[in-house]
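K.L.:
Start from chain A and add chain B according to the hints.
The primary structure of each chain is shown beneath.
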Amino acid sequence: EAQVTQNPRYLITVTGKKLTVTCSQNMNHEYMSWYRQDPGLGLRQIYYSMNVEVTDKGDVPEGYKVSRKEKRNFPLILESPSPNQTSLYFCASRPDRGLSVAFFGQGTRLTVV
Amino acid sequence: DQQVKQNSPSLSVQEGRISILNCDYTNSMFDYFLWYKKYPAEGPTFLISISSIKDKNEDGRFTVFLNKSAKHLSLHIVPSQPGDSAVYFCAVTGANSKLTFGKGITLSVRP
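Line by line, the protein sequences are chains A and B. The opening residue of the first sequence carries number 88 in this note's numbering; numbering runs sequentially from there. The opening residue of the second sequence carries number -17 in this note's numbering; numbering runs sequentially from there.
Bound-form chain A, shown alone (with noise of 0.2 angstroms):
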């Protein structure tokens, strides 16, 4: 089954206690990113990659990286999480970064206390 998934599905954490979202999807996509959902915000991208090492920023990515050192995974690390990093977070992928539809995982809801 095609899919995109994230763990963990919940994390509590304490602030500045280093912690790694992990992103796989078994598609073959080229496009991975990360998007964080805050109420009345949507949905705001953190972070993208449009291939193997090649990653940038979205329009939050402040705290945050990301590696791509393989097709498949993407993972979302949080080296100094703030309470203001608690929100609910989703990986996203697409085949290309052309006009294409993207495809989420099932969301990791954190919470930075």
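By construction, these hints were calculated from the structure, which means they are not laboratory data. Any given hint could turn out to be false.
[As the list claims (entries may be wrong)] Facing chain A, according to a computed beta carbon distance under 7 angstroms, are these residues of chain B, among others: (1) Y14; (2) G25; (3) P26; (4) F28; (5) L81; (6) G84; (7) K85; (8) G86.
The beta-carbon is built from N, C-alpha and C at its ideal position, and this holds for glycine as well.
P.N.:
Frame of chain A; chain B shown alone:
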């Protein structure tokens, strides 16, 4: 600066009636427009799309209309069903490939 605006945060309709969800965008260079549907505790799922060369695309109960001169698109759901109750996101993309989303509209379909 919001490039994609969904000005109504919520909409409530009676089962069987039409739901009309609106979306406005600011950049005339956008050339592909999509609607996503999101249930609680799930990721957004693709619903329907339209390219800038068309003004209407239909898929079953769902129709998307594009008015390029007004930079406006709308999603029509006919007839609405209780299972359609969800958050609907409008999204746009163009030459830079970035997918930009609106804030979403919460649709409630009353039985």
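K.L.:
Indicate, hint by hint, whether the structure satisfies it.
P.N.:
Checked hints:
no. : hint : verdict
1   : Y14  : holds, 4 angstroms
2   : G25  : holds, 4 angstroms
3   : P26  : holds, 5 angstroms
4   : F28  : holds, 5 angstroms
5   : L81  : holds, 6 angstroms
6   : G84  : holds, 6 angstroms
7   : K85  : holds, 4 angstroms
8   : G86  : holds, 5 angstroms
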